[in-house]
Amino acid sequence: MLATGPHAIRVDRLNKYYNAHHALKDVSLTVENGERIVICGPSGSGKSTLIRCISRLEDHQSGDITVLGHRIGHDEVSEARIHREVGMVFQHFNLFPHMTILENCTLAPIRVRRMSRADAEARAMTFLERVHIPEQAHKYPGELSGGQQQRVAIARSLCMMPQIMLFDEPTSALDPEMIAEVLDVMIELASDGLTMICVTHEMGFARKAADRVIFMDQGEIVEEAPPEVFFSAPRHQRTKDFLGQILSH
Amino acid sequence: MADTMLHTSDVSMGPPRQGALEKFRADYFGRPSDVILTLGGTALLVYIGWHLFQWAILDAAFSADVGAKACEAKAGACWSVIAARWRLMFFGLYPYEEHWRSGLACAIAIGVGILSCVPYFWTARRLTVTWVLGFAAFVVLMRGGVFGLSEVTEEQWGGLSLTIFIFAAVALIGMPLSILLALMRRSSTPFVSVPVGLLIDTVRSLPLITILFTVAVVVPILVPSWLQGEKLYRVIAGMALFFAAYQAEIIRSGIQSLSSGQDEAGRTLGLTYWQRMIYIVLPQAFRRALPPTINQMVITFKETSLIIIVGLFEFLASGNAAYGSGEWAFAYVEVYVFIAFVYFVFVFSLSRYGAYLERRMRIAQH
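Sequence order for the protein chains is Z and S.
Here my numbering is used: the first sequence runs in plain steps of one and ends on residue 270.
Here my numbering is used: the second sequence runs in plain steps of one and ends on residue 1768.
Be aware that a few hints might be false.
Covered by chain S, per the in silico footprint, the following chain Z stretches (three or more residues, Cβ under 8 Å) [what the hints assert, rightly or not]: (1) 58-68; (2) 73-87; (3) 103-111; (4) 128-141.
Computed far set for chain Z versus chain S, every beta-carbon distance over 12 Å [as the list claims (entries may be wrong)]: (5) Pro247; (6) Asp262; (7) Gly265; (8) Ile267.
Across the chosen pairs, the derived CB separations fall in these ranges [unchecked claim]: (9) S:Ser1518 to Z:Gly163: 23 to 29 Å; (10) S:Leu1600 to Z:Asp213: 38 to 44 Å; (11) Z:Glu156 to S:Ala1539: 45 to 51 Å.
Rather than coming from a laboratory, the hints here were simulated on the basis of the structure.
In this text, a Cβ means the ideal position worked out from N, Cα and C, and glycines have one as well.
Using the sequences and the hints given, assemble the complete structure.
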């Protein structure tokens, strides 16, 4: 087993193909412990694919991914380990519709972490309070608004006490009036020192919470910079075009 | 809650509601052709209903004391045949003085069936305990040979008890088998998915009768006798495989209808394959596949009557024997009506139960 290095995530010359389509081209990226990264870019740029490779939902064809010192894609043990240490929040929430909110939050702590039901429920309530919906604990996902469901999904991931959280366009499926409540929760998390990678087009969130903004296009990382530099002085023409499009309205 | 109630009353104040009588008149007497259809249809129903009533109740004989000769002379139905021969229909060739055992076993099987329909029993442990105890009690009672009960071998089992035994055993073996087959067919390893797919498609393309003949007639010729087992159990194994092939496709369709995000969410939470299947995928797949699953159970229950052709003495065969012996030969209609009624009671309860489950799940999930 490799020693835990100083980096939370290290991606080295990663290549990913969907049949003939070259989705990620020699992508390299290093994320430090506690760092908050925002990845943006036009659709099809490979940003979701990148974090799905990091969370092992997709296999890559070449290159290395090292998460918390474990090289992934090479043995079952490290894969299980990564899923325990890396939480993921999806665009479409993916709550389990046949379980209550509380059951959604306690399933993995009980089955994977082997916690007692009482402990798992206490922890779930703590995190539901942190996302401001403890009163919904005994409802089913179908009874909640989209914004509430996404906050439950965040709490569900946090219940596993991950060291890294990945967000895959967490507000893209939400009605405009619900985006703020989810972003507020994410900003609170960012200030707690959790390592976060967030694929999003919410530039306000990037400005407030990100240490670094990464712009991807056509499977490549085009530009990366701290938000104040990224927004005021983008270097590449593609970045300028993209920012011009999304900030104009 | 208060909010919802306010809303409902608001809505009901909206459009004026049609009175029940007006609606009835508009639906059934709206146009001249409607009037003719309504009156003609009603007259026909009354006519048929009256004649049925006359035949089945008014002119019928009920008591077993009415002899076969006197009964045949009656204008109406001769239910006396049921009263005189019900033991044969329910218990087949089971020894007469031991009928209470077969009856009790039957009641236990039905009781276990009802218990496992109650949500309280829907945990893996409670269901397993109920089924194992129930099954053991059934076999001990039927087969005997222990606890001072005289031994009754499988060839002497018969009637409704046998039908219920076969159905319960087929469902009990077939359901887990079907889940396994469905999951194997979805495997990403072609070494697993291709042979299993081939097996399912082969079994589905054979008529049940050929499978029954194979296990009852061909297997004894090809397989050494120590490996054959009792014919009854071979038939159950064959039917369970047939059931599982169909049910596997039903479950697979339920799994396929779930979004891949459900499984992905389970993976990123660190759940293993079997944990994701047991807690996330299968419960949802079963809910979605409930109507066809109930349908498959109903079909299987009725298909148990096919085993008559390989010489097992189930409910329908026992019914044939009930009127087949000389004096009651004229009363076959009554016997078949009674058999149909018993099947109806079982199948109708099954489908009502399915409807209850669907309602319940709609409430739980919205």
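Output the indices of the hints that this structure fails to meet, ascending. 1 and 10
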